[in-house]
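The primary structure of each chain is shown beneath.
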Amino acid sequence: MSEQVEHLIRKEYAAGFHTAIDTDTLPPGLNEDVVRFISAKKNEPEWLLEWRLQAFRAWLEMDEPNWAQLNYKAPDYQSISYFSSPKSMEDRPQSLDEVDPKLLETYEKLGIPLHEQEMLAGVAMDVVFDSVSVVTTFREKLSEAGVIFCSISEAVEKYPALVQKHLGSVVPQKDNYFAALNSAVFSDGSFVYIPKGVRCPMELSTYFRINEQNTGQFERTLIVAEEGSHVSYLEGCTAPMRDENQLHAAVVELVANDNAEIKYSTVQNWYPGDEDGKGGIYNFVTKRGVCHTRAKISWTQVETGSAVTWKYPSCVLRGDHSVGEFYSVALTNNYQQADTGTKMIHIGKNTRSTIISKGISAGKSQNTYRGLVRMNPGADGARNYTQCDSLLIGDRCGAHTFPYIESKNPSAVIEHEATTSKVSDDQMFLCQQRGLDPEKAVSMIVNGFCREVFKELPMEFAVEAGKLLEVSLEGSVG
Amino acid sequence: MLRIENLCARVEEKEILKGLNLHVKPGEVHAIMGPNGAGKSTLGSVLAGREAFEVTAGSVAFQGKDLLDLDVEARAHLGLFLAFQYPVEIPGVSNMEFLKSSVDAVRKARGKSDLSSVEFMKLAREASKKVKLDQAFLKRGVNEGFSGGEKKRNEILQMMLLEPSLCILDETDSGLDIDALQTVADGVNAMRSPDRSFVVVTHYQRLLDYIVPDYVHVLAGGKIVKSGDKSLAKELEAKGYSWLDGEVA
Ligand SMILES: Nc1ncnc2c1ncn2[C@@H]1O[C@H](COP(=O)(O)OP(=O)(O)O)[C@@H](O)[C@H]1O
Ligand SMILES: [Mg+2]
Numbered sequence: 001m002s003e004q005v006e007h008l009i010r011k012e013y014a015a016g017f018h019t020a021i022d023t024d025t026l027p028p029g030l031n032e033d034v035v036r037f038i039s040a041k042k043n044e045p046e047w048l049l050e051w052r053l054q055a056f057r058a059w060l061e062m063d064e065p066n067w068a069q070l071n072y073k074a075p076d077y078q079s080i081s082y083f084s085s086p087k088s089m090e091d092r093p094q095s096l097d098e099v100d101p102k103l104l105e106t107y108e109k110l111g112i113p114l115h116e117q118e119m120l121a122g123v124a125m126d127v128v129f130d131s132v133s134v135v136t137t138f139r140e141k142l143s144e145a146g147v148i149f150c151s152i153s154e155a156v157e158k159y160p161a162l163v164q165k166h167l168g169s170v171v172p173q174k175d176n177y178f179a180a181l182n183s184a185v186f187s188d189g190s191f192v193y194i195p196k197g198v199r200c201p202m203e204l205s206t207y208f209r210i211n212e213q214n215t216g217q218f219e220r221t222l223i224v225a226e227e228g229s230h231v232s233y234l235e236g237c238t239a240p241m242r243d244e245n246q247l248h249a250a251v252v253e254l255v256a257n258d259n260a261e262i263k264y265s266t267v268q269n270w271y272p273g274d275e276d277g278k279g280g281i282y283n284f285v286t287k288r289g290v291c292h293t294r295a296k297i298s299w300t301q302v303e304t305g306s307a308v309t310w311k312y313p314s315c316v317l318r319g320d321h322s323v324g325e326f327y328s329v330a331l332t333n334n335y336q337q338a339d340t341g342t343k344m345i346h347i348g349k350n351t352r353s354t355i356i357s358k359g360i361s362a363g364k365s366q367n368t369y370r371g372l373v374r375m376n377p378g379a380d381g382a383r384n385y386t387q388c389d390s391l392l393i394g395d396r397c398g399a400h401t402f403p404y405i406e407s408k409n410p411s412a413v414i415e416h417e418a419t420t421s422k423v424s425d426d427q428m429f430l431c432q433q434r435g436l437d438p439e440k441a442v443s444m445i446v447n448g449f450c451r452e453v454f455k456e457l458p459m460e461f462a463v464e465a466g467k468l469l470e471v472s473l474e475g476s477v478g
Numbered sequence: 001m002l003r004i005e006n007l008c009a010r011v012e013e014k015e016i017l018k019g020l021n022l023h024v025k026p027g028e029v030h031a032i033m034g035p036n037g038a039g040k041s042t043l044g045s046v047l048a049g050r051e052a053f054e055v056t057a058g059s060v061a062f063q064g065k066d067l068l069d070l071d072v073e074a075r076a077h078l079g080l081f082l083a084f085q086y087p088v089e090i091p092g093v094s095n096m097e098f099l100k101s102s103v104d105a106v107r108k109a110r111g112k113s114d115l116s117s118v119e120f121m122k123l124a125r126e127a128s129k130k131v132k133l134d135q136a137f138l139k140r141g142v143n144e145g146f147s148g149g150e151k152k153r154n155e156i157l158q159m160m161l162l163e164p165s166l167c168i169l170d171e172t173d174s175g176l177d178i179d180a181l182q183t184v185a186d187g188v189n190a191m192r193s194p195d196r197s198f199v200v201v202t203h204y205q206r207l208l209d210y211i212v213p214d215y216v217h218v219l220a221g222g223k224i225v226k227s228g229d230k231s232l233a234k235e236l237e238a239k240g241y242s243w244l245d246g247e248v249a
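Sequences listed follow chains A and B, in order.
Numbering follows UniProt numbering, in which position 135 of the first sequence is assigned residue number 135; successive positions increment by one, without gaps.
Numbering follows UniProt numbering, in which position 6 of the second sequence is assigned residue number 6; successive positions increment by one, without gaps.
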């Protein structure tokens with residue numbers, strides 16, 4: 001990360017700390033009172049409390065989905081605390097010496113600067129206040145352009161009409177079990193609004209978001225791009241975050257109005273558990289965007305973390321000539337399990353979608369692609385192209401592909417290609433004969449396999465993603 | 001440079017090399033000829049350290065070290081280079097990236113300084129000109145969609161950049177037209193030097209018109225059954241391997 005970001009993180013930390021004074025922590029358990037408590041703590045308007053309660057009541061009636069190719073012990077939702085104050089300075093590690101050396105080793109390999117390591121590991125840092133901070137310049141630049149980029153709590157307070165109009169418009173409260181849970185108890189997340197005709201002057205990264213410290217395990221993100229606007233949003237971080245929450249259930253909603261374009265890039269590197277499959281995050285995410293006429297939404301994800309991943313970033317191609325794209329790299333190692341893919345729902349005429357999925361399985365992991373392409377009756381001339389490649393490292397892992405195709409329009413064209421390959425002995429031998437050690441060889445071969453997806457990532461992210469694969473693959477050869 | 005004594009090796013329980021001896025001094029070029037299935041490629045694989053091949057007896061000294069004791073990449077670092085009979089593809093990894101990583105790794109192991117990207121690009125461009133591979137090939141995936149001849153020229157390109165002390169060329173001439181053959185031979189000849197040796201596996205005498213060997217050996221039934229100077233190659237071409245049947249134990 002650049003020096004800029006380093007500065008920023010210190011600042012951001014300062015901000016997070018500043019707002020974290022007046023909190024208590026709820027005991028474990030989930031009921032209506034808990035939902036009311038959360039809403040009250042956040043000074044939310046009545047409509048939002050009602051909205052949360054509707055979600056909660058729906059959730060009570062729902063069953064946890066079990067159709068995915070995943071095998072895990074369902075979390076005990078009553079043993080989770082749904083509101084906790086951020087850790088006080090005394091409770092945090094006082095220096096990097098108190099942080100798990102394994103975690104530090106990984107930071108080292110990813111080349112993360114010390115300050116950033118401290119932030120990621122939750123070390124209690126001196127609060128450095130930098131008056132010419134990047135954040136200030138950054139915010140100024142954005143507001144000049146009329147772009148809103150803030151926490152969703154702040155948005156509820158300052159732009160209630162916008163939030164009320166769009167929240168749940170793409171992922172309704174009752175969409176699925178995890179989305180309902182998120183709607184009832186979401187802690188915080190990002191809000192982005194790009195006015196008509198505006199091209200967002202910079203890439204928006206969660207790094208730059210104020211109050212980051214407090215988002216917790218039920219994150220909620222809403223991005224609205226008005227007519228003809230354009231935004232690129234980066235979520236996540238290549239460094240594994242220290243996190244004690246086992247369950248993560250986020251919701252992301254994107255609205256791309258006529259001729260707007262949203263590019264959403266994710267690097268997910270939550271704790272995957274140890275080599276024996278102990279621990280690790282359960283990551284159940286609902287991400288969906290709606291495209292109006294000639295709008296475009298592009299999802300790019302690099303998923304290497306979490307013990308269990310359940311995630312299907314989707315596009316509803318409502319408007320004619322709208323475009324949806326999904327580029328994915330999902331890597332599993334050791335005992336990780338991933339069931340991930342996308343849904344492309346073609347409603348408008350001449351809508352187009354592209355799906356490029358690269359699954360890499362190593363160790364004893366299981367990696368599943370699950371994708372739906374639906375052509376509705378009105379989707380005249382719609383087209384989809386799907387390419388779905390799996391790469392196996394070793395012979396104890398599994399790769400699975402479940403493409404679902406529903407075509408109700410005879411003029412729609414769907415193309416699907418799938419391959420499964422192995423990192424071959426011949427390839428390894430070639431690399432080693434040319435002087436590369438086996439780990440470097442595997443990571444190079446895997447990076448090559450992912451190239452089509454990496455080229456969709458913003459430049460800086462792409463380099464980090466390459467390094468991330470290398471670290472995630474450790475111990476997968478030999 | 002290289003001293004192979006009584007080398008025996010097997011793959012999947014099958015004995016292939018059965019007491020092979022070969023001595024190569026610095027600067028020498030040795031040609032190895034022999035019928036299909038004789039074990040020529042196996043010899044290359046065993047010397048380079050391929051895992052599937054198990055050495056059951058014998059010894060190999062290379063640059064004064066016990067070669068069989070080293071892992072694959074350490075042998076490469078020490079200066080052993082194998083140009084493959086069937087070069088494999090690595091999709092999505094650009095040739096340039098592959099070459100740079102290899103050169104970096106080898107230079108590092110040899111205690112040489114890192115090359116900057118600019119320096120490296122210059123070397124790579126010069127080398128690709130020498131083997132008549134268009135620069136576009138540097139950007140393409142390693143051997144991805146290359147023709148047979150392009151793959152072989154790419155092997156020579158790698159050899160030039162890695163500056164090995166012992167080059168083993170496994171049928172690098174097979175499948176090449178006469179112009180490509182000339183190009184490959186020119187590449188090899190340009191690299192000949194008093195402290196670099198070559199072991200050239202070939203079926204055809206015509207390659208040896210371009211790369212003139214100091215010695216020619218016939219490998220049959222897992223060992224060297226006849227050695228001689230370059231006239232042996234001509235004799236083989238005229239009489240075929242069956243002429244040697246009596247010499248195969
Ligand atoms: N990986 C392998 N597994 C089983 N048999 C092999 C393998 N590699 C080579 N062989 C066998 O070893 C013998 C020698 O092969 P090779 O060294 O390729 O011969 P040459 O290069 O002289 O034509 C052949 O009978 C071949 O089938
Ligand atoms: Mg052969």
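Keep in mind that the hints are not guaranteed to be accurate.
To be verified - Sample of chain A residues facing chain B (criterion: CB under 7 Å; computed from the structure):
(1) G378
(2) D426
(3) Q427
(4) F429
(5) L430
(6) Q432
(7) Q433
(8) R434
(9) G435
(10) D437
(11) F449
(12) R451
To be verified - Interface residues of chain A toward chain B, partial, derived using beta-carbon atoms under 8 Å:
(13) M62
(14) I356
(15) K422
(16) M444
(17) N447
(18) G448
Please keep in mind that the hints were generated in silico from the structure rather than gathered at the bench.
From the three backbone atoms N, C-alpha and C, an ideal C-beta is built for every residue, glycine too.
Here's how the hints hold up against the structure:
Restraint check, A/G378 versus chain B: the minimum CB separation of about 38 Å is more than 7 Å; hint violated. With its C-beta approaching chain B no nearer than about 4 Å, A/D426 sits inside the 7 Å limit, and its interface hint holds. Hint status for A/Q427 relative to chain B: holds, with the closest Cβ pair at about 6 Å, below 7 Å. At about 6 Å, the closest approach between the beta carbon of A/F429 and any beta carbon in chain B falls short of 7 Å, and the interface hint on this residue holds.
Look at A/L430: its Cβ gets to within about 5 Å of chain B, closer than 7 Å, so that hint holds up. Checking A/Q432 against chain B: minimum C-beta separation of about 4 Å stays under 7 Å; hint holds. With its C-beta approaching chain B no nearer than about 5 Å, A/Q433 sits inside the 7 Å limit, and its interface hint holds. Satisfaction of the interface hint for A/R434 is found here, the shortest Cβ-Cβ separation to chain B being roughly 4 Å, below the 7 Å cut-off.
For A/G435, the shortest C-beta to C-beta distance to chain B is roughly 4 Å, which falls under 7 Å, so the interface hint holds. A hinted interface residue such as A/D437 counts as satisfied when its beta carbon comes closer than 7 Å to some beta carbon of chain B; here the least separation is about 6 Å, so the hint holds. Because the closest C-beta pair between A/F449 and chain B is about 6 Å apart, less than 7 Å, the hint holds. Here the hint on A/R451 is kept, as its CB sits about 4 Å from the closest CB of chain B, short of 7 Å.
Using the Cβ-Cβ criterion of 8 Å, the hint placing A/M62 at the interface with chain B is not satisfied: the shortest such distance is roughly 42 Å. Restraint check, A/I356 versus chain B: the minimum CB separation of about 12 Å is more than 8 Å; hint violated. At about 12 Å, the closest approach between the beta carbon of A/K422 and any beta carbon in chain B exceeds 8 Å, and the interface hint on this residue is violated. Hint on A/M444 holds. Least Cβ distance to chain B is approximately 6 Å, under the 8 Å limit.
Taking 8 Å as the C-beta cut-off, the interface hint given for A/N447 holds, the closest approach to chain B being about 7 Å. Because the closest C-beta pair between A/G448 and chain B is about 3 Å apart, less than 8 Å, the hint holds.
Of the numbered hints listed earlier, those contradicted by the structure are 1, 13, 14 and 15.
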